[in-house]
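For reference, the chains in residue letters:
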Amino acid sequence: MNDLVARYIYDVTRRLPEENRAEVKKELQANISDMLPSNPTEEQIKEVLKTLGNPRVLAHNYLGKSKSLISAEWMDDYLRVLKIVLIIFGTLAFIFGLIEHISHPEATKLIGIILEVIAKVISETIQSLIRGFAIVTIVFALISRYASPEKIKAWEPSQLPKLPKEQVVTIKRTSSVAGLIFTVIFRVLLVFLLINRRLYLAWTADGEWWVRDTLMFNDAAVKLFVPFIIISIVFVIVTYVTKIYFGHWNKVVAGIHTGEQLYTNVIALLFINHKPLLTAEFVKGAADIFEVSVTKMQEIFSGIAIVISVMIVLGVIGDLVTTWIKTLKVKA
Amino acid sequence: MDESIVQNMILELRRGTQILAVLSQMDEMKYGYSLLQDLESQNIKIEAGTLYPLLRRLESQGLLLSEWDTTESRPRKYYLLSDFGKQALETLIKEWDLIVKEMSNIIKGGQK
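Line order of the protein sequences matches chains A and B.
Position 74, counted from 1, in the first sequence is what this note's numbering calls 74; the numbers after and before it change by one each time, with no gaps.
Position 2, counted from 1, in the second sequence is what this note's numbering calls 2; the numbers after and before it change by one each time, with no gaps.
Derived from the structure by calculation, the hints contain no laboratory data.
All values reported here derive from a predicted model rather than from experimental measurement.
Virtual Cβ for every residue (Gly too), placed ideally from N, Cα, C.
One or more of the hints may lead you astray.
Listed below are the simulated DSSO-like cross-link pairs for lysine-lysine, each with C-alpha atoms no more than 30 Å apart in a straight line [claimed, not checked]:
| no. | chain 1 | residue 1 | chain 2 | residue 2 |
| --- | --- | --- | --- | --- |
| 1 | A | K296 | A | K284 |
| 2 | A | K26 | B | K77 |
| 3 | B | K94 | A | K50 |
Partial list, computed: chain B residues near chain A (C-beta under 7 Å) [stated by the list, open to error]:
| no. | residue |
| --- | --- |
| 4 | R57 |
| 5 | P75 |
| 6 | K77 |
Here chain A stands alone, though its shape is the one from the complex (with noise of 0.2 Å):
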């Protein structure tokens, strides 16, 4: 047999179930004879082949009903899980990576430092994502593939989703993305700044730089603290998931969004006004430097304290109203 149809043959039939190949490939065979003059040419050939079509369409056809890993009724939801997924894993990755790299970085050059720390978090971002991707879509195979057909079929009206409301107050993927990733940054350098807790404190007074090795916060303090901002960090990332997910306000949102903030400025509340919060070396530091009594010093930061405190409680009400306008307009 000629070399062209054999290829063509066994491009074909790799493409099938082991136990149809012998079968289609007698059946091609042939056919591609029956529509071969005798003695072709290789134009002839080439010809035959190409009215057959494409090897890949072919074994589509011998195969008949569509084998795709992600079958096309699961198509739209393993897009948009996708995507989500997607989001957050690079995005964590970005940042933890960028942290874990600037603060234990390698090289020892500014310019080294900066190279090795691209490089790794590109490199980790990239391995992350693909990461994401692969669980998503073995997953998605999963489902497609055992989800059982009959629970499809008997399907019921009461499963119709709502209709989305009109007046909908949309969230942008892109404000979530950017919120998410400066609040985990800014709350993940607390941490660190708390558990490593020098402060390196510079101050001119009278032209001259003032440095000083002090410790700010409290061993017991930050013992009791650090667990809590953690837990905040894991809150906020399910704020902004569900945030993204929806992409715009609704009850679950605005619950878990008044929940995250209740939490979140709660333990600020409590951290800030924590009296035995910072080191009496520090209050002693900063109170020689303002010329001061150490009692006159944490009288200042306590009412530093009460000031940030009623900010704090301002903006929470203020943002929660806000929300639950935006979320129950809606209804109206």
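Fit chain B to the known structure of chain A by using the hints.
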């Protein structure tokens, strides 16, 4: 007007009629290429790459019977309507007549 869109619609419309066209020709033994030529001579255009897999599928569904003829120098696979295939063909023809009637009614109605 985008020609390719309309061309696709014509293909879609004709695709549904392919099985009926094929089954209607299978009351006597035919092999793949001879069937293709029969259809072509009656202006029914179906691609070889569509017809051969279709014959195989109709066989696996029990509508066609098949037999290899190895007596000649070229072995050929012959197909013929099974009893089930004959019944299916009758039902499909009835349905086709109905479609023609309903469609011409609705199209004429639309042109009023």
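Tested hints:
1. About 10 Å separates the Cα atoms of K296/A and K284/A, which keeps this hinted pair within 30 Å; it holds.
2. A hinted pair counts as satisfied when its Cα atoms are at most 30 Å apart, and K26/A with K77/B qualifies at roughly 9 Å.
3. A C-alpha spacing of about 37 Å is found between K94/B and K50/A, which places the hinted pair above 30 Å, so the restraint is violated.
4. A least Cβ separation of about 6 Å between R57/B and chain A falls short of the 7 Å threshold, and the interface hint therefore holds.
5. Satisfaction of the interface hint for P75/B is found here, the shortest Cβ-Cβ separation to chain A being roughly 6 Å, below the 7 Å cut-off.
6. Hint status for K77/B relative to chain A: holds, with the closest Cβ pair at about 6 Å, below 7 Å.
Hint check: a violation occurs at hint 3 only; the rest are consistent with the structure.
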